[in-house]
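Keeping the supplied structure of chain A fixed, place chain B upon it in accordance with the hints.
Here the protein sequences line up with chains A and B, keeping their order. Taking my numbering, the leading residue of the first sequence gets 1, the next gets one more, and so forth. Taking my numbering, the leading residue of the second sequence gets 156, the next gets one more, and so forth.
Quick caveat, the hints were computed from the structure, so don't treat them as lab data. Just so you know, even glycine gets a beta-carbon here, dropped at the ideal spot from N, CA and C. Treat the hints with caution; some may be incorrect.
As the list claims (entries may be wrong) - From the structure, some residues in chain A lie toward chain B, with a derived Cβ separation under 8 Å:
| id | residue |
| --- | --- |
| 1 | L25 |
| 2 | W26 |
| 3 | A28 |
| 4 | A32 |
| 5 | E33 |
| 6 | G34 |
| 7 | A36 |
| 8 | R71 |
| 9 | A73 |
| 10 | G93 |
2 protein chains.
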Amino acid sequence: MIEPSRSLEQRTADVLARLREDVDLWVASADAEGNAYLVPLSFVWDGAALTISTPRASRTARNLMRAEWARVALGLTRDVVIVEGTVETLAIGTDPGLEDAHAAATGFDPRAGAEEYVYLRITPREIQAWREANELSGRQLMRAGRWLVDGRPRS
Amino acid sequence: MIEPSRSLEQRTADVLARLREDVDLWVASADAEGNAYLVPLSFVWDGAALTISTPRASRTARNLMRAEWARVALGLTRDVVIVEGTVETLAIGTDPGLEDAHAAATGFDPRAGAEEYVYLRITPREIQAWREANELSGRQLMRAGRWLVDGRPRS
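With the rest of the complex left out, here is chain A (with noise of 0.2 Å):
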């Protein structure tokens, strides 16, 4: 059975939900002759961005890297949440609240490691989120950088 549509307040709260409790997204990404790339990774949710942690050496990170902007995935393929934003780099060691965020959301921590590991910090410019084709319509809730809904939601 499909569920009824969500209004735009219950997606953003789902929304929310999903970037404070989930651990893994998928990443797209491509290089400058258009080869896409796809991968799994860990994040952690900041209030304000997205943060990744890939080897600087990996397609995913020297793709990011170039395009500042990417586009990630939480969810289930009927239960999507599409988040695309600016990609900001962070060398290891410019952010120590943030890598210990990381590794406490994550359960990995990247400054152990023997590989130069780098951090890739998105900040959401568009969110959709849908389930079903009758939630395709109203799926866009944040545009430009700001949520549709009245007021910023508490993040």
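Okay, now just chain B, sitting in the frame of chain A:
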């Protein structure tokens, strides 16, 4: 608790079950300028290839028709199946049997709509599957179009 790492045979069987039984996957694509895109789409597995369908004018269709290569993900972020393969574009009416199978598997018949859809048939060349970090080793199940288990598994 982390489960023990699965054997190549078990992973291959699990992946084939997902290909037969799952309905949705994540499709990454990119345009010629290196702008990445990511959407969930429904698919059907015919034993040799995954077929999706999306409007011919959509970003995903345009990107995949250009690249003639796709990277898609099935499953969850902690039960990952990554498939990369060639993309063949089939206009509506090209393969009625496949179109019927797609409609039956996905519950959606693009032949019925007003907008022009296209079928994109992705033939796997590389398949990887893993659950947790302990399965990253041995994640390759297909290389250059050949399953790595002895003999070609029944699809």
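Any hints from earlier that this structure breaks? Give me their numbers in increasing order, please. 10
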